[in-house]
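Colleague: Fit chain B to the supplied structure of chain A, relying on the hints for placement.
In order, the protein sequence lines correspond to chains A and B.
If you use our numbering, the first sequence corresponds to residues 1 to 177, in order.
If you use our numbering, the second sequence corresponds to residues 1 to 149, in order.
Worth flagging that the hints you see were computed from the coordinates, not collected in a lab.
Possibly wrong hints are sitting among the right ones.
[Unchecked claim] Calculated pairs, EDC-like style, for lysine to aspartate or glutamate (alpha carbon to alpha carbon, straight line, at most 20 Å):
{"hint": "1", "chain 1": "A", "residue 1": "Lys119", "chain 2": "A", "residue 2": "Glu149"}
{"hint": "2", "chain 1": "B", "residue 1": "Lys62", "chain 2": "B", "residue 2": "Glu107"}
{"hint": "3", "chain 1": "A", "residue 1": "Lys45", "chain 2": "A", "residue 2": "Glu2"}
{"hint": "4", "chain 1": "B", "residue 1": "Lys105", "chain 2": "A", "residue 2": "Glu2"}
{"hint": "5", "chain 1": "A", "residue 1": "Lys45", "chain 2": "A", "residue 2": "Glu105"}
{"hint": "6", "chain 1": "B", "residue 1": "Lys110", "chain 2": "A", "residue 2": "Glu111"}
{"hint": "7", "chain 1": "A", "residue 1": "Lys45", "chain 2": "A", "residue 2": "Glu149"}
{"hint": "8", "chain 1": "A", "residue 1": "Lys45", "chain 2": "A", "residue 2": "Glu57"}
{"hint": "9", "chain 1": "B", "residue 1": "Lys104", "chain 2": "A", "residue 2": "Glu111"}
{"hint": "10", "chain 1": "B", "residue 1": "Lys105", "chain 2": "A", "residue 2": "Glu123"}
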Amino acid sequence: MELHILLLFMIFAAIVAIEVKDLLSSVVAVGAVGFALCVAFLILKAPDLAITQLVVEILCLIILIRATINKDLPLVIEGRWIFNTVSTMVFIAAFLFFAYHALKELPAFGEPIMHLVKKYLEEGTTSTGAVNLVAAVILDFRAYDTLGEATVLFASVVGIMTVLRGRGRKRIEEKEK
Amino acid sequence: MIDNPKAGMSLIVKTITRLIMGLILLFGIYIVLHGHLSPGGGFAGGMIIALSFVHLMLAFGKEAVTSKISKNLASNLESIGALMFLSIAAIGFFGGSFFLNILKKGEPFKLFSAGTIPLNNLAISLKVSVGLLAIFLALVILEGTKKEI
Numbered sequence: 001m002e003l004h005i006l007l008l009f010m011i012f013a014a015i016v017a018i019e020v021k022d023l024l025s026s027v028v029a030v031g032a033v034g035f036a037l038c039v040a041f042l043i044l045k046a047p048d049l050a051i052t053q054l055v056v057e058i059l060c061l062i063i064l065i066r067a068t069i070n071k072d073l074p075l076v077i078e079g080r081w082i083f084n085t086v087s088t089m090v091f092i093a094a095f096l097f098f099a100y101h102a103l104k105e106l107p108a109f110g111e112p113i114m115h116l117v118k119k120y121l122e123e124g125t126t127s128t129g130a131v132n133l134v135a136a137v138i139l140d141f142r143a144y145d146t147l148g149e150a151t152v153l154f155a156s157v158v159g160i161m162t163v164l165r166g167r168g169r170k171r172i173e174e175k176e177k
Numbered sequence: 001m002i003d004n005p006k007a008g009m010s011l012i013v014k015t016i017t018r019l020i021m022g023l024i025l026l027f028g029i030y031i032v033l034h035g036h037l038s039p040g041g042g043f044a045g046g047m048i049i050a051l052s053f054v055h056l057m058l059a060f061g062k063e064a065v066t067s068k069i070s071k072n073l074a075s076n077l078e079s080i081g082a083l084m085f086l087s088i089a090a091i092g093f094f095g096g097s098f099f100l101n102i103l104k105k106g107e108p109f110k111l112f113s114a115g116t117i118p119l120n121n122l123a124i125s126l127k128v129s130v131g132l133l134a135i136f137l138a139l140v141i142l143e144g145t146k147k148e149i
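If we strip away everything but chain A, and leave its shape as in the complex, we get (with noise of 0.2 Å):
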């Protein structure tokens, strides 16, 4: 019960994101989104997922705010409005269809498809030693998949140094001049 009102709170303040003109008030909307995605975490009994949602929600939102604060960005609204509305309710009807056949086929919640997980639960902490079995999922048995996680994050952050740096700009500059 809890969870469906925190699902409709959640698809309001989407759509309130969308539609609202000021740039601002839009990521405070994107912000309620993330905040409402922790508690129904919390819910669903994910206590760790809450928490990383719950940080990495801040943050995003510091720097969103950081960087439309200052800035009033006009919204440009073109013509094409009928066939930006029609596709859209194409799109959507077939989501929606497509999403039918496919969510009946998925099992009951708190039963997992995959037979693998039983083992992981009865032996997680005789095996590994440590008592939050999230811990000994993503650290022990399927640690292959947190390199490429730590990977993921090492190549987003020598990206964002190459694209910001400041010295080869410099540079350019003066040749320029």
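Modeller: Leaving out everything else, chain B in the frame of chain A:
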């Protein structure tokens, strides 16, 4: 640098930040060290540690952090975190395969248990906290150079 009254936000924000910033940092370290016992872990704890520095930067102006941690130092520390994670994974070769947990498992519900999992948590927290701080520093420094042009 910290007592510069012109940089950053108002006096109320600065006082509250001075009181609360150490607690946020301590909570992040707690989340990292107890990653194998309670919810949390390296990623969430590292983000909290990075957020404490971001909080300091927002309240006191960017010089409060950029004078202590430069962008290059943050980048180097992030690489050290990545290498730590890889070398902990390579320790498993002594037992036979990559990422094998060959250290002593210890007793459950104790802080020193679970073999390599706390070490991996430490490496990931170093990597995540310093990496995200480096991204934020790069964005802040870029904002400063854009105004000069």
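Colleague: With reference to the structure, classify each hint as holding or not holding.
Modeller: Evaluation of the provided hints:
1. Pair hint A:Lys119 plus A:Glu149 does not hold up; C-alpha atoms about 24 Å apart against a cutoff of 20 Å.
2. For the proposed pair B:Lys62 and B:Glu107, the alpha carbon gap of about 45 Å is over 20 Å, so the pair is violated.
3. A hinted pair counts as satisfied when its Cα atoms are at most 20 Å apart, and A:Lys45 with A:Glu2 qualifies at roughly 13 Å.
4. Pair hint B:Lys105 plus A:Glu2 does not hold up; C-alpha atoms about 40 Å apart against a cutoff of 20 Å.
5. A threshold of 20 Å between alpha carbons decides the hint, and for A:Lys45 with A:Glu105 the separation of about 24 Å lies outside it, so the pair is violated.
6. Taking the CA atoms of B:Lys110 and A:Glu111, the gap is about 31 Å. The hint is violated against a cut of 20 Å.
7. For a cut-off of 20 Å, the pair hint linking A:Lys45 to A:Glu149 is broken: about 23 Å separates their Cα positions.
8. With a CA separation close to 19 Å, the supplied pair A:Lys45 and A:Glu57 stays within the 20 Å bound.
9. The straight-line distance between the Cα atoms of B:Lys104 and A:Glu111 is roughly 33 Å, outside the 20 Å bound, and the hint therefore fails.
10. The hinted pair formed by B:Lys105 and A:Glu123 meets the criterion: a straight-line CA distance of about 13 Å does not exceed 20 Å.
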